[in-house]
Amino acid sequence: MRSLLRFLVRNYFFLLFLVLEIISLTLMVQYNNYQNVKFFNSSTKVVARIYETLNSAYSYFRLHQINSELAAENARLKNRLQQIVHPEVPPPMNSFVYHRFSNDSITGDSITSDTLTVLSSQPVTIDKPRPSDTLIIDSINVRYRFIPAEVINNSVNRQNNYITLNKGRKDGVRPEMGIVGPNGVVGIITNVSDNYSTGPTVLNKRWRVSAKIKNSNYFGSLVWDGLNHRIAQLNEIPFHVELAVGDTIITSGYSSIFPEGIMIGQIEDFDIGNGDNFYEIDIRLSTNFMTLTYVEVVQDKDQSEIKNLNRYNLDD
Amino acid sequence: MINNLIKYLFMWIVLILLQIVLFNHIQFSGFVNPYMYILFVLLLPFDTPKYLLLFLGFLLGLNVDIFCNTPGMHASATTFMAFLRPTVISLISSRDTLESNSPPRLNQMGPAWFIKYTIILVLIHHLFLFYVEVFTLKGFIFTLFRSVISALFTIILIILSQFLIYKE
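These protein sequence lines map, in sequence, to chains A and B.
Going from the first sequence to the numbering used here is simple: count from 1 and add 91.
Going from the second sequence to the numbering used here is simple: count from 1 and add 129.
Only chain A is shown next, with the shape it has when bound in the complex (with noise of 0.2 Å):
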């Protein structure tokens, strides 16, 4: 026993680091386990707001760019709002045009003159929405909603990065929801405090997104090597599928965290793998990692319902 102990004494130097490593090196591989996480993330409280500060002196330098990218989104939503307000083929006489006919009668406008513009499908410009376009398209039931939020951490330049926003559970922010960007996807969230979200972005070597390519429907899942922040591997597309340069790659919309469609990147460069099945493909992001500032967080309305469908299929 006294010997024992004189080990300890003599070689306690050895053995502290010993033990610092050890819990050092558990905390690592615990956190590889992301979604367990529950103190040691830039939402904590304190962390965060010390973003939140920093954040708001950075972004005042870049606020030409964020207007720039705020202003073509807006124009590219007012297109799609034109599109569902005012369809290419009129519509038939149905609940459509009778759910405009009471939200007009509410609103005090000329049921007929409004009613002619649905059916006889004439351009009209709408310079900012009636009240009864905004009530149409919260009347259609949609299965995704955007929180917007701001970013206020984020990196490229680790093997795993992740990004840190100012919107948390209580603007409805829950983990698992995916990450969308003015130019693409981003990441999801995997972390929640009250007032600020975290998780792994696309250039994060332990997450990957379920991808397809736009014009094949082949899916496939994209990960990161971990070496340049604007391109990301494109893997488990067979040798039979026809590629070409410039290929648009999107979300499958298998996973219920992004909607079907949203904007990955393009192919820039593919091969063929050394003894695979499959082709090796480079794919240019179409987000910036290191310009963004503005994103929104996807809440799908149905995850939990297809979440526990899927459960039973694991079960076999």
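These aren't lab readings, by the way, just hints derived from the structure by calculation.
A virtual CB, placed ideally from N, CA and C, is assigned to each residue, including glycine.
Treat the hints with care, since some could be wrong.
Said to hold, decoys possible - Cβ-to-Cβ under 7 Å is the rule here; a few derived chain B residues that face chain A: (1) 183; (2) 195; (3) 198; (4) 200.
Stated by the list, open to error - DEER-style ranges, computed between Cβ atoms: (5) 352/A <-> 181/B: 56 to 64 Å; (6) 162/A <-> 295/B: 45 to 53 Å; (7) 266/A <-> 264/B: 18 to 26 Å.
Assemble chain B onto chain A, guided by the hints.
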């Protein structure tokens, strides 16, 4: 004593802030990332108790980890560096330089000694950190390249900062 404590506490805060505000955003071509915060471990006095050295290294790394979302990664690297610091010091210095009992500063120990000291410990830290980060020997050469390039930046930053502080 109290004076020293305040000085090192101040240094801790400044180095962590510099790391998260400035150096974590140097993303030059995607893989150069200087980690200057380890200057704190380099500058601790020679007579720091060994256990304190380890604990301070561990806590410093953990502090950076919390901001980087990488629990344990920096902590393990800084602990490793703090563990090897006494060995490195006794390897590169003669007996009478150590007995002068001054803290390891550029102006006290001379530029040659300080540069040697910085290069060895920064390389130890960065190699450990980058290999722990990828956690595999796959892409061995690429990781080596990444760690050496980043270490080069860190060494330049540390030595420049010391020359600026001890100009006279």
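Each hint tested on the structure:
Annotation: residue 183/B was flagged as interfacial toward chain A, and the flag holds, the nearest CB pair being 5 Å apart, inside 7 Å. Restraint check, residue 195/B versus chain A: the minimum CB separation of about 6 Å is within 7 Å; hint holds. For residue 198/B, the shortest C-beta to C-beta distance to chain A is roughly 4 Å, which falls under 7 Å, so the interface hint holds. Because the beta carbon of residue 200/B sits about 4 Å from the nearest beta carbon in chain A, less than 7 Å, this interface hint is met.
Taking the beta carbon of each, residue 352/A and residue 181/B are about 58 Å apart, inside 56 to 64 Å as hinted. Between residue 162/A and residue 295/B the C-beta distance comes to about 51 Å, which sits within the given range of 45 to 53 Å. At about 24 Å, the CB distance of residue 266/A to residue 264/B agrees with the hint of 18 to 26 Å.
Of the numbered hints stated above, none is contradicted by the structure.
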